[in-house]
Structures are given as structure tokens and as C-alpha cells.
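Visitor: Listed below, chain by chain, are the residues.
2 protein chains.
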Amino acid sequence: MGSLPNTPQRLNTVEEYKSFVDKFDTFLLDLDGVLWHGSHVLDGVVDTVDFLRKNGKRLVFVTNNSTLSRANLVKKFERLGIQASEKDIFSSAFATAVYLRNILNFPADKRVYVVGESGIVDELNAVGIKTTGASDDNGIVMTHTDFGKIEQDPSIGAVVCGFDINLNYTKLAKAFTYLNNKEQGAHFILTNDDTTFPAPNGIYPGTGSLCASLITALKRKPLVMGKPNKPMLDCFFSNYHTDPSRTCMVGDRLDTDIDFGAQGGIATLMVLTGVSTEQEALDPEQPIKPTFIIQGFGELAKVKDA
Amino acid sequence: MGSLPNTPQRLNTVEEYKSFVDKFDTFLLDLDGVLWHGSHVLDGVVDTVDFLRKNGKRLVFVTNNSTLSRANLVKKFERLGIQASEKDIFSSAFATAVYLRNILNFPADKRVYVVGESGIVDELNAVGIKTTGASDDNGIVMTHTDFGKIEQDPSIGAVVCGFDINLNYTKLAKAFTYLNNKEQGAHFILTNDDTTFPAPNGIYPGTGSLCASLITALKRKPLVMGKPNKPMLDCFFSNYHTDPSRTCMVGDRLDTDIDFGAQGGIATLMVLTGVSTEQEALDPEQPIKPTFIIQGFGELAKVKDA
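In the order they appear, the protein sequences are chains A and B.
The UniProt record's numbering numbers the first residue of the first sequence as 1 and each following residue consecutively.
The UniProt record's numbering numbers the first residue of the second sequence as 1 and each following residue consecutively.
Just so you know, the hints here were simulated from the structure itself, not pulled from any lab data.
A hint or two may mislead.
Which stretches of chain A does chain B cover? Using the computed rule of at least three CB atoms under 8 Å from a CB of chain B, they are [stated by the list, open to error]: (1) 31 to 40; (2) 97 to 103; (3) 144 to 157; (4) 255 to 265; (5) 274 to 282.
Chain B regions said to be covered by chain A (calculated; three or more residues, Cβ under 8 Å) [stated by the list, open to error]: (6) 53 to 59; (7) 158 to 167; (8) 297 to 306.
Values in this document were obtained by computation on a predicted structure and should not be read as measured data.
Cβ atoms here follow ideal geometry from the backbone N, Cα and C, with glycine treated the same way.
The shape of chain A in the complex, shown without the other chains (with noise of 0.2 Å):
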């Protein structure tokens, strides 16, 4: 949409909210400080989903986790009562299959080597990608007598890893084994790059630590799909055909959500129940400006009641 205000409007008044929602018809929401935070749902979120709907609204919940296919995703969405369709959830797992299916035209005739979860294989395979590992490999383990026995596998086309709680030696030589392979050519392809993951007790290493292993042995760099990297939000434009000068990116970091949006050229709602203060995001040395700051997205229902 062109060039963006680079001082962020802060949205105080229930007239600011509305103007600042019928700029757009597309929002892509964040989960975690912006919708929740971890099982406990923030205040004002269930009313601001529904009065957004009902304004004809198309809300995609956008996340880096592989882990679960969106299928399961909605799952813990009915959990915390937000209303979602595996339509309205966009997970870096199926927005690999769909750079995999629409982006690249993974020849039907090659498969992918999956080290990751079941989200990963399940939406690979929802788009006819044939994929192989993933927990095929769960629990075997090399022994030093082994490394002659890992053999090139010509129809491997691609490498796909995300967060793999099942990580192991066989997993990482055999996708390594398949993309040193310069003549095969297969793609290396990651669901995304954070490093850590929030746990209840503390923070642990997430999908990019697992596979700073690969790219350190490769010497090579993989395409990594999710926030706040574009290949993401290239895959939601192919897949859903919004107007990005009619889309909002909505998210509690600076460094994820709103670089996500402003990569992509497209608007961005901080919110302030997160990760990212306000003090950061209008730090003059600050690169990353959201657009609009707002206290919560849970602060965007009190239009309807005005």
C-alpha cells in the first residue's frame, strides 16, 4: 500500500476505533498476546471476533506453530471459545503446503522429507504432496557403524523442518544426506525461524535452534516460511486473494507480527497485552513502526456498543 506513516497513530477513542476498522476488510490476528495468553482468553476478544464478523469482516488467525494441523488448531480454538473454521486459520505448516502446491508446482512424482510434527504431514498431504519421515523416524537410532547405510534418495524433492520434539542423529544426517546432494537439487524449506518457544516454566529452543543444525552443516540457507519472514504472507495472498491495501496485520510483537506486516507492505495493529511495549515501538532508533497502537484487540468491541 505504498509508504506508511512512520509515527505510529495511536487509537484511543471509540470514533479512532471505528475509523480505524472500516479502513479494512481483512485483519490477520496474532494468537498469543493479542487473542490469549496461554489458556486465558483477554478481556474483550470473544465480543471483538463477533462484532467484526457481524461488520462482514474476514478475520485469518495467523501462527508460526507446525506442530498441529489447522484441523487440531480449531480444536483448541473451540476450546478457549473463539469461533474458527480451518478456513480462518493460516499455520506456517499449511502455508508451506501451499508455497509447496502453488508456488513451487512440487512435481506429483517426489516427495518430502519431513523433520517435524503431524501438522506438517497432515497438511502436506491435504494438498497431495507424498511425504516420508517425520515420525517414521521417531526413535531410531544410529550407531557409528551406521553412516555408510544413509543412502541418496532421488525422490526427495524437497526438506521440510519445523519444531520436532522427536528430533534425532538418523533425522538430521538423512536430511542432510538429501540436501548436500547439489545434483538433486531438493528444496530446504523451513515452517519458521524462532528461535524459542514460551513455555509454562520457561522459555525452550524452538524450531530455528533445531534447525541451526542443518544450515550450520549445510552452509547452505533454507527458505524459512513463517512471520515475520514474506514468503508467509506471499502464500496468504495466493491462497486468499485479499486487497492488501484492505488488510491489517494484528500482533503484540514488533519483531514478529508487526516486521511481518511492514515487510509485506501491508497495515499493522500493535497491541499492548503482549510482548512489545509502547515505549519500544516508538523508540526513535525503533526500525519496525506499526501503523495504529491500540491498549488491546479486545478495546475494538466497544464500537458496536457506541
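Go by the hints and put chain B onto chain A.
Guide: Just chain B, lined up with the frame of chain A:
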């Protein structure tokens, strides 16, 4: 030993070999590419080892391999017909034990969490350092509901990471949890940072690649022990007390062996029976220069027949 000549001296004649040998009391020897290729011992090597020892020279075999203890490496030497005792072998696992004991004065009431194989555990235990992790965590698979269950362990004073064919997410998550606790201040040590290693049918991800996961997640640099890093040579001198000006590193790779000696300020002999070529060594753009170049380590045996 101060400034070394920038142009390598090519040793071609028996007189030059003799003059070279006379300059040194101790030779540090890389293994693969210098002594043998895989299980094939190179020409003249057994005779050269014999000749040098009979002339009062000390030979120390230097390896980044951390998976085997020196006791087990001795068995490999025996199988290949080269006589060696544990005292003649300086491995990255043993160097790490020397570093923790001699340089860090590792506290007696602390333990080391090991991501690695028995070589590290055996060498640490041999110098009286208690360990945990390693094979105890082989095959321990976490689930997504286990994240709350990994707890801080105040007894952990260091995390040592080497090659581990049984690497799994549990090990990474534990190592990350211990190292990410800044108050605890646990040391973070890699036995070596080779990104790949050669195997019979190709190369595979090595220690440096496996540990890239932790480095990426922690955003923290480890102390790296093995060649070409200087701590390995510091530990060598702290353990062997040889005269650096009478010590020469012999190796086939410019980027590991020769750089190792050069960084430590000792003389280096490059052999042409391994990875790096004479052309690479003489390239004006090449920043790493050996002091001497010889066709092969086995050449030196010719001195005894002269």
C-alpha cells in the same frame, strides 16, 4: 616463538628432513590424512614414528574426536599397528577434562551435564569430575506436556557438548535450561566445532552443527576446545609442559591443524597426504601459512637410512 617466516619452507631432501627433525623435541600429530586414511596406514608412517621415538622425540597424537576415551583410541592405534599409550594421545575430550580441572579449577561439589558420548564422560570422571546426562538421557523422549517438568539443577557447573549420535530434544532442552540460567553461571564448553566429518560414503553433521542448536537458542558463545582453537593448545602445554619453541604441529589441513599451530605460535609442518594442497598453502591470498611443507609424514623415516 615470535614471528614465523611467511613463506613455507619446502622440505625435499634428506638433509632438509634431518635439519627439520633436529629443531624439535615434540611433535603434535593429527591422525587422519597424516598417519592414515580411514583404516589404511600411510607409507613410511610406522617407520617414522619408530625413528623419531628412538631419537628421543616425543610424539603426541592430537584429535578432535570426543566420542572415544584415550583408552579406546589406544585400541584403534593398536589395530592399525602404531604403538601408542594413553599419555601419547591428546583428544578434545581429555583436553576438556584438563581445562575444567587445571584451568577452571572446577568445584568438587558441582557436576557436568554432558551432551555427548562415553569419551567425554570417561575423561571427566578420570580427573574426578562428576557427570550427568550423556547415555542416561539416551532415548528419553519428551512430549508437549513435559515442558513444565524440566527443572533447574543447581548442581550443574558446566555443560560440555560433543558429538552425540543419541542426541535428542530432552538433552537439548536440559542443556538449554541449565545454561540459560544466568545466575547459576554454568560454563558452556564444546569439545570441538567441526561442522561435518567424513564417513565412508560421504560427510555427516558434526559436533559444531549439533551444538549450533544450543548456541542459536542461547544467543551465547561457548568456549570451543578442539583444533584449531587456542584453548586446546593452552591445555596441551598446561598438561605436557613442553618447550613451545621446540614443539611442532603436523597436519594435513590448513584450516584446522596448521591454523591450530599458528594461533598458538608454534611451528607447523603441513603434509600433502590429506585435505589441503600445496597450491592452497602457497596461494598469496591464503592467510594461514605452514612453517614447513613435506610430501608426507612418512618421508622423515628416510633420515635414519641416510
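Visitor: Work down the list of hints and note, for each, if the structure agrees.
Guide: A quick look at each hint next to the structure:
no.	hint	verdict
1	31 to 40	violated (count 0)
2	97 to 103	violated (count 0)
3	144 to 157	holds (count 5)
4	255 to 265	violated (count 0)
5	274 to 282	violated (count 0)
6	53 to 59	violated (count 0)
7	158 to 167	holds (count 4)
8	297 to 306	violated (count 0)
In this structure, the earlier hints numbered 1, 2, 4, 5, 6 and 8 are contradicted, and the remaining ones agree with it.
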